[in-house]
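Peer 1: Take 1 as the starting number for the sequence shown in UniProt numbering and just add one per residue.
Keep in mind that the hints were calculated from the coordinates and are not lab data. None of the values given here were measured: they were computed from a predicted structure. The beta-carbon is built from N, C-alpha and C at its ideal position, and this holds for glycine as well. Check each hint, because a few of them may be wrong.
Below, a list of computed lysine-lysine pairs in the DSSO-like style, where the Cα atoms sit at most 27 Å apart [unchecked claim]:
#1 Lys221 to Lys169
#2 Lys305 to Lys181
#3 Lys299 to Lys207
#4 Lys181 to Lys207
#5 Lys181 to Lys225
#6 Lys225 to Lys169
Taking CB as the label site, the calculated pair distances span [as the list claims (entries may be wrong)]:
#7 Thr188 to Asp144: 18 to 26 Å
#8 Lys207 to Leu142: 22 to 30 Å
#9 Thr188 to Glu148: 13 to 21 Å
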Amino acid sequence: MHTLKEKVTEKFSRIFPDSTSSSSSQNQARLSSKGGKSLTSYFSYIIPSIGFDGSGSDKHRHEFKLIPSLPVRYNNRNSKGKDELLDSHTPSSNTLNEKKETRSNQAKDEIIDDKASSGSRSSSEVFEEANDEHILLQKPSLPDLMDESVFISPNLYEFLCSSIPNIVKGCQWVLLYSTLKHGISLRTLIRRSADLSGPCMLIVGDKQGAVFGGLLDCPLKPTPKRKFQGTNQTFVFTTIYGEPRLFRSTGANRYYYLCLDDQLALGAGGNFALCLDGDLLNGTSGPCETFGNMCLAHKPEFELKNVELWGFTHASQYLT
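Based on the sequences and whatever the hints tell you, model everything.
Peer 2: The following block contains the structure:
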């Protein structure tokens with residue numbers, strides 16, 4: 001049985017065609033003489049774990065069998081291209097982690113945007129509903145007011161409805177006279193007051209925004225001399241104090257109101273609580289004993305912004 005050394009020598013002798021099996025010893029000697037090393041020494045240098053001492057022990061055979069076969073790259077350029085191609089198509093773990101984090105962040109952002117958008121939509125819808133309710137509260141329907149008014153706000157309307165006599169509560173408010181519709185004339189106001197009988201509400205305002213007036217009796221009847229009319233149900237009011245304020249009869253006198261062809265006044269005793277001239281352009285106001293009031297306008301003498309006279313009726317319709 002040949003030793004491992006002889007087998008390897010025989011293999012190498014086959015690789016080199018210029019050598020023969022009979023001159024293997026000469027070739028070894030020649031290599032030894034030229035390079036100082038034999039072929040077996042070179043092979044021992046390549047695979048140092050294999051002993052070529054000719055012992056051929058089972059130990060070395062076993063070690064030779066356990067040496068794994070290493071892959072040999074015959075074409076470095078092609079293998080490098082393959083490696084680069086694999087590296088380009090195979091994402092690294094860091095790249096995969098970054099992509100996962102990016103996708104998770106995008107998903108989170110989409111969820112947050114959806115929630116925010118839904119929250120904004122829900123909040124906007126709630127705001128619109130609340131705004132609609134606010135508008136309804138600010139603009140309540142005035143079923144008893146049959147015409148538009150320059151002065152009567154919802155707050156003033158409720159205040160006056162609670163102040164008028166019980167006999168006309170729940171009645172419809174009819175605009176008997178307005179300077180915007182019927183011209184500037186006290187005579188026209190007196191004439192149109194005859195359309196309804198009973199209490200009527202005189203409402204005026206100055207240029208500074210104050211709204212004031214008083215309760216009279218329809219129809220208005222001018223007297224040739226200064227003769228006061230009315231009852232203790234007559235009152236005056238004003239909004240100059242920031243909210244409607246009412247002044248009823250104090251019982252000091254019976255000077256409730258005065259109606260002349262060129263003058264209409266309420267209260268007396270010191271001053272008229274409210275006095276309008278014949279052309280309904282100017283007026284005066286001051287403290288009086290009849291109602292115990294202060295000045296109803298911003299100034300004792302003022303320019304009138306508008307004059308309205310309202311009557312009350314139980315009829316469902318009223319044509320002016």
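Peer 1: Are the hints correct? Go through all of them and say.
Peer 2: Here is how each hint holds up against the structure:
1. Lys221 to Lys169: Satisfied, since the Cα-Cα distance of roughly 24 Å is no more than 27 Å.
2. Lys305 to Lys181: At roughly 13 Å apart (the allowed maximum being 27 Å), Lys181 and Lys305 satisfy the hint.
3. Lys299 to Lys207: holds, 10 Å
4. Lys181 to Lys207: This hinted pair holds, its Cα atoms lying about 19 Å apart.
5. Lys181 to Lys225: violated, 30 Å
6. Lys225 to Lys169: Roughly 33 Å separates the two Cα atoms, so the pair is violated.
7. Thr188 to Asp144: 18 to 26 Å: holds, 25 Å
8. Lys207 to Leu142: 22 to 30 Å: Taking Cβ atoms as reference, Lys207 and Leu142 lie about 26 Å apart, which means the hint holds.
9. Thr188 to Glu148: 13 to 21 Å: Holds, at about 19 Å.
Consistency with the previously given hints fails for numbers 5, 6, ordered from lowest to highest.
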